[in-house]
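Q: Single-letter residue listing:
Protein chains: 2
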Amino acid sequence: MNIILLSGGSGKRLWPLSNDIRSKQFIQIFKDQNGSYESMVQRVYRQIREVLPDARVTVATSKTQVPTIHSQLGEDVAVCAEPCRKDTFAALALAAAYLHDVKEIGQEEAVLVCPVDPYVEPDYFRMFTEMEELAAKKAAALVLMGISPSYPSEKYGYILPADAQPVSRVIQFQEKPDAKTAEALMQKGALWNGGVFAFRLEYMLEMARRHLGSRDYEELYDSYEKLDAISFDRAVTEKETDIRVLRFGGSWKDLGTWNTLTEAMEENSVGDVAMNESCRNVHVVNELDVPLLCMGLHDVVVSASPEGILVSDKAQSSYIQPFVDRMDQRIMFAEKSWGSFRVIDVEEESMTIKVTLNPGCSMNYHSHERRDEVWTIISGRGRTIVDGMEQPVQAGDVVTMQAGCRHTILADTELKLMEVQLGREISVHDKQKFELE
Amino acid sequence: MNIILLSGGSGKRLWPLSNDIRSKQFIQIFKDQNGSYESMVQRVYRQIREVLPDARVTVATSKTQVPTIHSQLGEDVAVCAEPCRKDTFAALALAAAYLHDVKEIGQEEAVLVCPVDPYVEPDYFRMFTEMEELAAKKAAALVLMGISPSYPSEKYGYILPADAQPVSRVIQFQEKPDAKTAEALMQKGALWNGGVFAFRLEYMLEMARRHLGSRDYEELYDSYEKLDAISFDRAVTEKETDIRVLRFGGSWKDLGTWNTLTEAMEENSVGDVAMNESCRNVHVVNELDVPLLCMGLHDVVVSASPEGILVSDKAQSSYIQPFVDRMDQRIMFAEKSWGSFRVIDVEEESMTIKVTLNPGCSMNYHSHERRDEVWTIISGRGRTIVDGMEQPVQAGDVVTMQAGCRHTILADTELKLMEVQLGREISVHDKQKFELE
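Line order of the protein sequences matches chains E and H. Residue 437 is where the first sequence ends in the numbering used here, and the numbering goes up by one at each step. Residue 437 is where the second sequence ends in the numbering used here, and the numbering goes up by one at each step.
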């Protein structure tokens, strides 16, 4: 089975845990069987591996997420990276071309698309086999998974089946209707579109050819920036007449907002948190190193991270986006392919950053025009290269770098350092990369 | 007029803004006329200066608070410092001996004691003059200020006056009765003891002689550790029969808990805070550098500091102490005579601290046995002395100090630095102080 795991951006609806670099699907918030925490994408990927061990999974995502995908799922996972964000139709067209041209999957093979953000149990993935078979034998051009709607939400697509059978022909598909229309559709027996669908690879290649004028992976990749940003559901599903839907009756949670995310948390708190006995329906995620105390709260979600602190009534937590948009957009924490960084102090003419490098990893070889830097190694061993000269370093060593000097560090063990940046106009854009000589 | 400003410890009832080093009276949370923030002690001291410009104020406090007192009230304020905490009777006995023996105040002069934590208006201080006059002319041994009680609180002393006149003889004084007794006392017309009282200096010296066997300031100071810890109200006021009380009818708020503290805040938030329009009766004090967002909260207080984060229903905020007691007691932020420090990162074998030195100030000359240190100057100019050698330093300079080496830094301008401590057993106790050669 070919599965495209669609890892999109999350915007700011789960601020302060998600930001422009770190999307909700990467937050390690769910306890796995061993008691350690896993993220949405790790959970879904593990579940697919467990239920469908033979599935060939390709993650379709944007370039900026690739390091985090590899750091969370391992270096071996296949990734089809968009050069920039262009909504789901372009992303799926690119992934289809990637499967055909790079992975050499046959046009007649079925492909199944699965989002990374539903919180579900193994029964959800067991349905994939039947969907794949229906697509493979051309029971329909598109095979969707339908979810029983619980309220007339305006944020889902609605699938109207011809009958109440487990597998039905679809007589109407409507993407994100208003509440009144949604209500009417629900009364007619419509289902939510959960984002899982299957098709033969040739179908997606044909849609891409027809609507995007694309011929092969390389061409599509090169012209990607010029493509329209449109969702697959609007571009294709709404117009397609040959659709079947399978009803999924199991547990299904869309973890798009704090309210729904906390429903999926097995414990009320993650991190250093204390609550008194009069707290009711309170969920706390504390990623800071200091204790967080809750007293007498009801129906509240609290989250503290290096990005900021949210304290919200659960029902209102769906409406944080406009407030977060107005905030300073400096990224205070980010995971990278080589490790992570965290901004821990900002002054007018200095910035202090804690850098963690994974064993065997290194930064880019780079220089800055308008700032000096000082590294103090606080743990681990590695090597620095400064203007071409390599030197071993370990905890306690200090390296000073003037503006203009080229530098990098290679970690032999996990290595942590404090980087003090000094200068008048400290900016992430002040960076020139070089090849190592 | 002689005023003893009694600055006690606050415990943890205003955590995370107060801790063992930083008491509630030093939190800068009130807007003064110029729009800048002042603390309780700054506000009370300013009000006394404005209403009673001729008053001679002595702050009675513990040794650990002396740097903060000077940093907030200036170097000129007279301070009588207890060598250790021994409750209010010993503190007042020491302050009385200090006034007599060090400041050479005559025994017949009246002295007025005022706590630092009531939130009051100028009318409160205008009463001091009448209280002082009554004490000076021996109208009674003790002259108290009585506050109209608003509920049968168990945390105040109750003063039962003989009649309803503005100035009355006191027929009973009972310290912290249970709620039932408090209720009964209130029905008989009892008043709360607000902690303000006046006496002739000879009275307090005599009480100290009688109950503590003290003779003079030096003797009392040297034997201080052996004294019993007992409050003045229990040791003296409860037993005294010659008391007069003055009724104070103005606005009076005891800022002992978050609930009462927020009532005195003129604005709903201090720091980088956003609230949506559905928040009602929410107060936020954010001392961190990241934004804090509140959505749809009612009757809640939120406070974030380097010590931790509190999110509490206002009514329940009085009960945080046992929870805070259970938390890790590491001090993450403290003001010192020379500036301040803030712990910004803790690892197993390293700790990173941001140090701010006030202009003209310096650290002690000291060494550590079990840790190396690295200073990166991030702003300002000064001089380091390392093993006797003085060197000028400025932003960008790095100083490394091996364990055992003696070091200090003197700030010529305001100077900020990042100190990375490296070693296996990092502890505040690993410090040897030396005189500068």
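None of these hints come from the bench; they were simulated from the model. Some hints could be false.
Unchecked claim - Here are the computed lysine-lysine pairs in the DSBU-like style, where the Cα-Cα straight-line distance is at most 35 angstroms:
(1) Lys12(E) to Lys180(H)
(2) Lys31(E) to Lys31(H)
(3) Lys86(E) to Lys103(E)
As the list claims (entries may be wrong) - Example chain E residues on the side facing chain H (calculated, C-beta under 8 angstroms, incomplete):
(4) Leu201
(5) Met295
(6) Ala315
(7) Gln316
(8) Ile353
(9) Lys354
(10) Asn358
(11) Pro359
(12) Gly380
Stated by the list, open to error - Simulated DEER-style distance windows between Cβ atoms:
(13) Lys188(E) to Glu267(H): 30 to 36 angstroms
(14) Arg383(E) to Gly388(H): 45 to 51 angstroms
(15) Ser278(E) to Glu267(H): 49 to 55 angstroms
(16) Ser278(E) to Arg210(H): 46 to 52 angstroms
(17) Arg85(H) to Val428(E): 47 to 53 angstroms
Just so you know, these numbers come straight off a predicted model, no measurement behind them. Glycine residues also receive a C-beta, built at the ideal position from the N, C-alpha and C atoms.
Q: All hints are to be evaluated individually against the structure, with a verdict given for each.
A: Okay, the hints, checked on the actual structure:
1. Lys12(E) to Lys180(H): violated, 53 angstroms
2. Lys31(E) to Lys31(H): violated, 46 angstroms
3. Lys86(E) to Lys103(E): holds, 22 angstroms
4. Leu201: Violated. Min distance 45 angstroms.
5. Met295: holds, 4 angstroms
6. Ala315: holds, 7 angstroms
7. Gln316: Status holds, d = 3 angstroms.
8. Ile353: violated, 11 angstroms
9. Lys354: holds, 6 angstroms
10. Asn358: Violated - the Cβ of Asn358(E) stays beyond 8 angstroms from chain H, reaching only about 16 angstroms at its closest.
11. Pro359: At 16 angstroms from the nearest chain H Cβ, Pro359(E) fails the 8 angstroms test, so the hint is violated.
12. Gly380: violated, 10 angstroms
13. Lys188(E) to Glu267(H): 30 to 36 angstroms: violated, 53 angstroms
14. Arg383(E) to Gly388(H): 45 to 51 angstroms: violated, 35 angstroms
15. Ser278(E) to Glu267(H): 49 to 55 angstroms: violated, 28 angstroms
16. Ser278(E) to Arg210(H): 46 to 52 angstroms: holds, 48 angstroms
17. Arg85(H) to Val428(E): 47 to 53 angstroms: holds, 49 angstroms
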